[in-house]
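K.L.:
Let the hints inform the model, and build the full structure from the sequences given.
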Amino acid sequence: MMSDNQGISDSSPEIDADSVAQAEEKALAKQAFKAEFKELAIQGLWKNNPGLVQLLGLCPLLAVTATVTNALGLGLATLLVLVCSNATVSAIRQWVPKEVRIPIFVLIIAAFVTCVQLLMNAYTFGIYQSLGIFLPLIVTNCAIIGRAEAYASKNPIKQATFDGLMMGLGFALVLLVLGAIREILGQGTLFDGANLLLGDWASVLRIEVYQLDSQFLLAILPPGAFIVMGFLIALKNAIDNYVKQRQPKVNEQTIERVRVNFDS
Amino acid sequence: MAFWIASSPHNHNQAETSALMRLVIYALLPGILAQWYFFGWGNIIHITLAVATAMACEFIVLSLRSKKQIRKQLFDGSAILSAVLLGICIPAIAPWWISVIGAAFAIVIVKQLYGGLGHNPFNPAMAAYVMLLISFPIQMTSWLPPTALMNIGLDFSNTLMTIFTGFTAEGYSVEQLRTSIDGFTMATPLDTLKTDLGLGHTVYETTQNSIFTNSYDFSLGLAYGWEWINLTFLAGGLLLIAKRAIAWHTPISFLLSLFVCSFIAYSVSPDSSASTMFHWLTGGCMLGAFFILTDPVTGATSIKGRLIIGAIAGLLVYLIRTFGGYPDGVAFAVLLCNMAAPLVDQYTRPRTYGHGNTVAKPAPSSESVNKQTETKQ
Chain A
135 MMSDNQGISD SSPEIDADSV AQAEEKALAK QAFKAEFKEL AIQGLWKNNP GLVQLLGLCP
195 LLAVTATVTN ALGLGLATLL VLVCSNATVS AIRQWVPKEV RIPIFVLIIA AFVTCVQLLM
255 NAYTFGIYQS LGIFLPLIVT NCAIIGRAEA YASKNPIKQA TFDGLMMGLG FALVLLVLGA
315 IREILGQGTL FDGANLLLGD WASVLRIEVY QLDSQFLLAI LPPGAFIVMG FLIALKNAID
375 NYVKQRQPKV NEQTIERVRV NFDS
Chain B
15 MAFWIASSPH NHNQAETSAL MRLVIYALLP GILAQWYFFG WGNIIHITLA VATAMACEFI
75 VLSLRSKKQI RKQLFDGSAI LSAVLLGICI PAIAPWWISV IGAAFAIVIV KQLYGGLGHN
135 PFNPAMAAYV MLLISFPIQM TSWLPPTALM NIGLDFSNTL MTIFTGFTAE GYSVEQLRTS
195 IDGFTMATPL DTLKTDLGLG HTVYETTQNS IFTNSYDFSL GLAYGWEWIN LTFLAGGLLL
255 IAKRAIAWHT PISFLLSLFV CSFIAYSVSP DSSASTMFHW LTGGCMLGAF FILTDPVTGA
315 TSIKGRLIIG AIAGLLVYLI RTFGGYPDGV AFAVLLCNMA APLVDQYTRP RTYGHGNTVA
375 KPAPSSESVN KQTETKQ
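Chains A and B, in that order, are what the protein sequence lines are. Here the first sequence is numbered in my numbering, starting from 135 and rising by one per residue. Here the second sequence is numbered in my numbering, starting from 15 and rising by one per residue.
A hint or two may mislead.
[Unchecked claim] To give an idea of the interface, some chain B residues facing chain A are shown, with a C-beta separation under 8 Å as derived from the structure:
#, residue
1, Ile123
2, Met145
3, Ile152
4, Gln153
[As the list claims (entries may be wrong)] Distance windows between CB atoms, simulated:
#, chain 1, residue 1, chain 2, residue 2, range
5, B, Ser21, A, Phe365, 39 to 47 Å
6, A, Glu233, B, Ser77, 56 to 64 Å
7, B, Ser77, A, Gly364, 18 to 26 Å
[Claimed, not checked] Not close to chain B: a few residues of chain A, all C-beta gaps over 10 Å, as computed:
#, residue
8, Asp152
9, Ala163
10, Asn182
11, Val234
12, Gln251
13, Gly266
14, Ile291
15, Asn329
In short, the hints are calculated from the structure, not lab data. Owing to the predicted nature of the structure, the values given are computational and were not obtained by experimental measurement. Idealized CB from N, CA, C, for every residue including glycine.
P.N.:
Shown next as structure tokens:
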């Protein structure tokens, strides 16, 4: 973008009108580009959120969100895999035959998941152990292959990467909120065991929200995840409905048909 | 001159929901009194707490859902009945927040979130009980022995204090209250039997424990205290059947099924299985049979379906009591039967008069009619 602007300022006055038109066109294109990115962000974070709206990848979402730390660990891992896989799928989209695209996407995703798994094994061993099977299971997370198939395989790298980032962020945010609610309800703490993920300094992050003599096991067990998830989805729908009602109503033209029954 | 012609049935039963609920609550009273006599004030305090919470929650949710005639729905007695049933099931000296959380869960999540009275797939009281049992295993299994067996007397104010603070006025903890003279923690008869059988004792050896013997007033020698509570619930249930408030099919089939299961086990190996009467008169057997399985919303509706559901529940209760991880299985059995009820209803739909033939061919359901029209097209 910057080089284009310099080119305009260097041009001679004869083709000034032309360059103005070009600049306007470019500004428009830039606006459209910006709008596209904004739309991608809104889609990923709210309107088409993988956790709340698409309901994809529910298995890890419900299984490991007993604490914020676990949720954050899995959210970051999924985010990283989603961004990298979207970028790669988009980069090689010209050379992938339609017939075998799904196996190729799965291979790409599996490669990145293996990288993330090895990295977490090396640097955050505690969280690697507490995530257990759900870390390698990111390969089968439908949210990731869904984005590769639905968006990355049809769009340029920049947009695809940004889409992966926004979808991953949306997923990670849902994980975080779910983990926070379940941890507060279940143990009365926040960021318990954050040092497993972020290093020893993070043990100061642990907040004791209230003292519990006995854990509220339902919130920690899977049924609690389903119930809290249901409440989150309901809250999102309620907010959407409220916003919709606040907006001015567009009067739609109603078409009324008159039918005349000649038989009777 | 035209007369207004109503369709059948012409003979209306003018009963209202509130009248039915009131009758069921009255039928529960003898059992609650027996509980009070044998186990002290705890359950009455818990019932009061649960009812207050349930009414508050019902009011809040109904106003949030902006329903009309809130007063009528609030006082139709369904929330009160659920809360009373929950309060009966909770251990007498469980902390106060147990019944508050349970009643709130029963009303808000199990009942109102599914659409309120008549739309809930699960019995609110039992779902809340299972939720509490899974979430707070320690508090929900700290049962008090019958007052006659206790070392430390508990009057009303002391019970209230224990429920709210965890200690009596003299400073005894819940654990100390449950301890016998010999220093053992006393559990319910079902729990004791399960633990002792697990340790390799025979049933005869187990029943020498003071909670089984008949050396106290009004003891029948099966399970002191519990037998009378179950008998009074049985009496209340029979009253409901006599008043036509519930159908006899579910409880009878449930009790028969439990009887048959325990009879077979008892005749095969009497040393390792409890008697049939013990199974009938301990735990929540009679309460479950007459007051919970017969819930018109969550149970089966056809006669055959009711018989099947009762039999399944009896089998499940026996299996859970004998082989399961928990000493009593009525609540779990009820929830499983609630899940099965719609399917059972689907397959036991009664034949409409004049439709279908007497052979096992099912009456034409809407699906098969659709299929027929599809094939015609």
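K.L.:
Now tell me, hint by hint, if it's right for this structure.
P.N.:
Against the structure, the hints:
1. Ile123: Since the shortest Cβ distance to chain A is 7 Å, the answer is holds.
2. Met145: holds (6 Å)
3. Ile152: Constraint on B:Ile152 satisfied, holds at 6 Å.
4. Gln153: holds (7 Å)
5. B:Ser21 <-> A:Phe365: 39 to 47 Å: 44 Å Cβ-Cβ, so the 39 to 47 Å window holds.
6. A:Glu233 <-> B:Ser77: 56 to 64 Å: holds (58 Å)
7. B:Ser77 <-> A:Gly364: 18 to 26 Å: holds (21 Å)
8. Asp152: holds (63 Å)
9. Ala163: holds (49 Å)
10. Asn182: Fine: 26 Å to the nearest Cβ keeps A:Asn182 off the interface.
11. Val234: holds (38 Å)
12. Gln251: Correct as stated: the minimum Cβ-Cβ distance to chain B is 33 Å, above 10 Å.
13. Gly266: Its Cβ never comes within 10 Å of chain B, the nearest being 22 Å, so this holds.
14. Ile291: Answer for A:Ile291: holds, closest chain B Cβ roughly 45 Å.
15. Asn329: holds (28 Å)
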